[in-house]
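Chains as they are written, first to last, in the working numbering: chain A, 5 to 205; chain B, 465 to 688.
Some residues of chain A that are not near chain B, with every Cβ distance over 10 Å (derived): (1) D37; (2) V41; (3) H42; (4) G44; (5) L45; (6) L95; (7) D148; (8) A154; (9) I171; (10) R177; (11) R179.
Below, a sample of chain B positions facing chain A; criterion: calculated Cβ distance under 7 Å: (12) T482; (13) Q485; (14) R493; (15) A498; (16) A499; (17) E555; (18) W557; (19) H567; (20) D570; (21) Q632; (22) M650; (23) R656; (24) G681.
Coverage of chain A stretches by chain B, computed from C-beta distances (three or more under 8 Å per stretch; other residues unrestricted): (25) 20-33; (26) 134-147.
Hints in this document: simulated from the structure, not taken from any laboratory. Only a predicted model underlies this, so the values are computations on that prediction, with no experimental measurement involved. Glycine included, every Cβ here is placed at the ideal spot set by N, Cα and C.
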Amino acid sequence: MAADVTENTLPPTNEDTVGPYFPIYFEDPELMDISRVHHGLVVKPEGTPMILRGRVLDRHGDLANGALLEFWQANAKGIYDTPDTANHPDLDPWFHWYGRIRTASGAFEFKSIKPGATAGRAPCVTLTIFSDGISRIVTQLFFDDEPANASDPLLGALPADEQAKLIARHDGRTRDGYEVYVIDVIMAGEGETPFFDDFAS
Amino acid sequence: MDVDKQGRLLEIGPTDNTSDQRTPRQRLRLIPEAARASFVPFAPAPAISRQHEADMTRIAPGRPRAQGQPIEVTGTLRSETGRPVVGAMLEIWNANTFGRYTHSEDHSGLPLDSNFLGLGRVVTDEAGRYSFWTISPGAYLARPDIGRWRPKHIHVSVTGGSSRLITQMYFPGEENNVSDPMAILMGDAFERNIGQPYETPDSDVELGYRFDIVVGGRNATFFE
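This is chain B alone, in the form it adopts within the complex:
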């Protein structure tokens, strides 16, 4: 091991009170090689996806469409070396078109949409591909006291094999992107978390976004 090597010092998200309360102040410690394997969780996808959960634009098949812009999100899940991650579970959640979550702890008071749940689960196919439909989420005022918004975003949690990643897909050209604390921490790498729009003439949605996901580090590379 490189004697000068150090673990990362995590940064606190600007204007993010919770980040200030919860971000470790000490540098992360390096893991001795003899203990490294025990830090590579191997977990099967935790739950069974129901077919209709890939379409979050309705609460169930045959129900009315939710309000707002229906979109498709597609991409491929890969490890850093480019290997597709097959059979991984993506758990997806996002706010409705008004910026409100159906979560019981969202006390924002923004409007609910009785046709939108905002939850879905999909599994990557044999080429690591995934696809889901949802409603383009609304931005919401996260810090009314200082007028700081959360830009439109979709949460994605990836589990499967030794991949474990929670991330968010953002939208291009959103004015609130630049002031988002997590986006600020990502710096130029924020680009990687922006979905790339494409036309969807053959699908019953208004727009598609390509969001390829790469799971970083040695944790994604169990089989390599």
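Bound-form chain A, shown alone:
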């Protein structure tokens, strides 16, 4: 990190824990289900609806209650919506690419569109976890039915047993057409999920 610091760089404010009391009042149902635009509209994003279902677990295998989870992903054609892609023809105007769930229990069910593959990458969802006891940890979750996993540079940077911890398992389809993927995210200890350093990288 030290090598990146110049005299023009301001010292960053310390990240701090979200604590146990992130206001449930700030929940936004539209950020908890980005598979649709709004329940009152028939227009909707392109692609395969999916449910990413999982549990966030602590060092003792207990659910990490009160965690704040954020999801960031590309659309069904693999395009991330950023200022750099503002005029991209494959942007989906009906897809809002950022989700947030405050989970009371530690279990979550995130409704979205299955992301497409971005150039050079396997389809994935970036997961940020804020919770009491920690500040912020980040990882990416993949899908077990994607051949592109074999050549993904992030997965490829991990040993095989570690890769498996980031790959969600396909678990059927709901009656209303959502493909279900399941994964456990283990914050600490036995079976710990690999997390990534977006400051040092």
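Got chain A; can you put chain B on it based on the hints?
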């Protein structure tokens, strides 16, 4: 990439049981450059701020003032290179003057104040500035078993552009600052998270605190 470079090893907050249960024990992994862009979330501010949410000293305009000391908190939100972050959403929450949150999972039994909600949202202006009023929060006993207090603090969550930061503003000269697990982890850098007091003769509050926020790392620098 520097071959000796390693990701950070996160530290466990002393006397913090939850930190012990939830802090990853493995070093964070470095992100290969080919995957780096996908770790820079770009998210618009998630919700619409209502004008009155900038005044947390009342639950709604025209209602009575909450108990305790009304304060103003102002500051500028910037990236590490000094660029103001415009149009970002700050979600703010803090305990009432007795140290109690209105959150349904706060079972401390401390007194509620029917005139205090403790929640607000404000958006940074064209110069990255923000401002809100609240009640100076009470400290509360977080670990009765060992007598460890949480010092007075205000939670701030920043979303907007590619900025994503959750932090807390602390107060100068508080005796419990030194024993706070998160403050201990911050070390000398804890100073950055302390609001700097100023007089507010022209405002209907008792004291102001300046809290400039700098979002660190490459995640704040989408446009640079």
